[in-house]
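K.L.:
Protein chains in written order, with full-length UniProt numbering: chain A, 1 to 231; chain B, 1 to 231.
Careful: at least some of the hints might be erroneous.
When the alpha-carbon atoms are kept at most 27 Å apart in a straight line, the in silico DSS-like pairs for lysine-lysine are as follows [what the hints assert, rightly or not]:
{"id": "1", "chain 1": "A", "residue 1": "K88", "chain 2": "A", "residue 2": "K60"}
{"id": "2", "chain 1": "B", "residue 1": "K176", "chain 2": "A", "residue 2": "K163"}
{"id": "3", "chain 1": "B", "residue 1": "K184", "chain 2": "A", "residue 2": "K176"}
What follows is a list of derived Cβ distance ranges for each label pair [to be verified]:
{"id": "4", "chain 1": "A", "residue 1": "D17", "chain 2": "B", "residue 2": "E117", "range": "25 to 31 Å"}
{"id": "5", "chain 1": "B", "residue 1": "L90", "chain 2": "A", "residue 2": "M197", "range": "57 to 63 Å"}
{"id": "6", "chain 1": "B", "residue 1": "S75", "chain 2": "A", "residue 2": "T27", "range": "55 to 61 Å"}
{"id": "7", "chain 1": "A", "residue 1": "I44", "chain 2": "B", "residue 2": "E91", "range": "52 to 58 Å"}
{"id": "8", "chain 1": "A", "residue 1": "I44", "chain 2": "B", "residue 2": "I7", "range": "50 to 56 Å"}
To be clear, the hints were calculated from the coordinates, so they are not data collected in a lab.
Please read all numbers here as calculations on a predicted model, not as lab measurements.
Even for Gly, the Cβ is constructed at its ideal location relative to N, Cα and C.
2 protein chains.
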Amino acid sequence: MCDLLRINTNRGVMIGDGKQRFSKNGTPINQFLGTSTFSEYTVIHEGCLAKIDPSAPVDKVCILSCGVSSGARISGASRIFGVDLNPKRLEEAKNFGVNEFVNPRDHIKPVQEIIAEMTNGGVDRSLECTGNINLIISAFECVYDGWGVAVLVGVPSTDAIFKTNPFNFLDERTLKGTFFRNYKPRTDLPSVVDMYMNKVFKSSVGDFNECLLITFQQKLEVEKLLIDFNE
Amino acid sequence: MCDLLRINTNRGVMIGDGKQRFSKNGTPINQFLGTSTFSEYTVIHEGCLAKIDPSAPVDKVCILSCGVSSGARISGASRIFGVDLNPKRLEEAKNFGVNEFVNPRDHIKPVQEIIAEMTNGGVDRSLECTGNINLIISAFECVYDGWGVAVLVGVPSTDAIFKTNPFNFLDERTLKGTFFRNYKPRTDLPSVVDMYMNKVFKSSVGDFNECLLITFQQKLEVEKLLIDFNE
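Chain A on its own, in the form it takes in the complex (with noise of 0.2 Å):
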């Protein structure tokens, strides 16, 4: 991973001379995650630029995030479980390619040992998304041995600790994690947005463009939020 670039969420300044970009009447507004994209205009690191096709609409793509390249039907999974409390969310997740539903209150038994028996054994991929940490060990548990691979996306607790038994991994079980699915995002970025372009994903079970639904707009109270934020 870029060291250089890297989130950084305590750093609040510009890397090449430690200072801000921003001020009012004098004060120093700190850098929000090296982009500070929640205003108009704003000064980056040349690293964290890339150029997107010109004719996108950036009141749409501005949304393509780790969301959308983390997800399972844009690598072509075909049996798609989504896991999750909330049954309303079901109908949602249609929209991104799920296909089958688990809602662990619906059982007695961990959910990784009802997949297990849904699965004949376990997934080969599993993501999970929540960063929760008893969700991060059943995600692990619930790929097939031999060579299921369990993907973190979501962000853990600072403090939170992952403990399984080891014998999971010598059944040959694989635990990695992604940031922003390994992209680079200067190079890698603009590939998103032509694929929304290109609708490349319209499909039966849904479309990755409908998907990208913007439910409301709003005007973002800027010098507040960034007032927060420094505080």
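We have chain A; now place chain B onto it with these hints.
P.N.:
What follows is chain B alone, placed relative to chain A:
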């Protein structure tokens, strides 16, 4: 993994009919790990049988097992660190390709930090061969974030618990285990015998064949061993 023939130290009987093939004075003697190769003659499931080069010396190639197949040099690594508390093992380890040695007793910091310093951030691959749970954790945490992969080979105690901060995964480290290098013994083991016969691994840092040291040979008290195992 093959559910049928997976090593099961508790089974002790043939899969087909659930019975033993050995006996003494009418008392059944259990199978050992599905093969009972301490015996001069044995009965095994056909899936446990591999046909090897008939000219191979069986008193040498009988010890070709996971310790050889899972090694670092066989996979082409150039910088190979050996980590051991016993400095006497350095010379022996050189024969197996180790060219740098770290003794955790020589350092105050955890060994994963020492290795990260020696390698400007961590190693590309680490192999843990002891099964000690603390070393498993060290082996995982000494790999480079972004692409490092730790592979577990050693068998831990059944009640061991692997623990780590999940951010170590999100930083794109991978942890996996291997069982006999994921070899399919029946199809892959003959190639290891061929490597021995063809002296493929003769090199300046050691001779693969000479590493198959037979330090002494001894007639096994097979009856006693089997009876101990039955008990």
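K.L.:
Please write out, lowest number first, the hints stated earlier that are contradicted by the structure.
P.N.:
Hint check: nothing fails, all pass.
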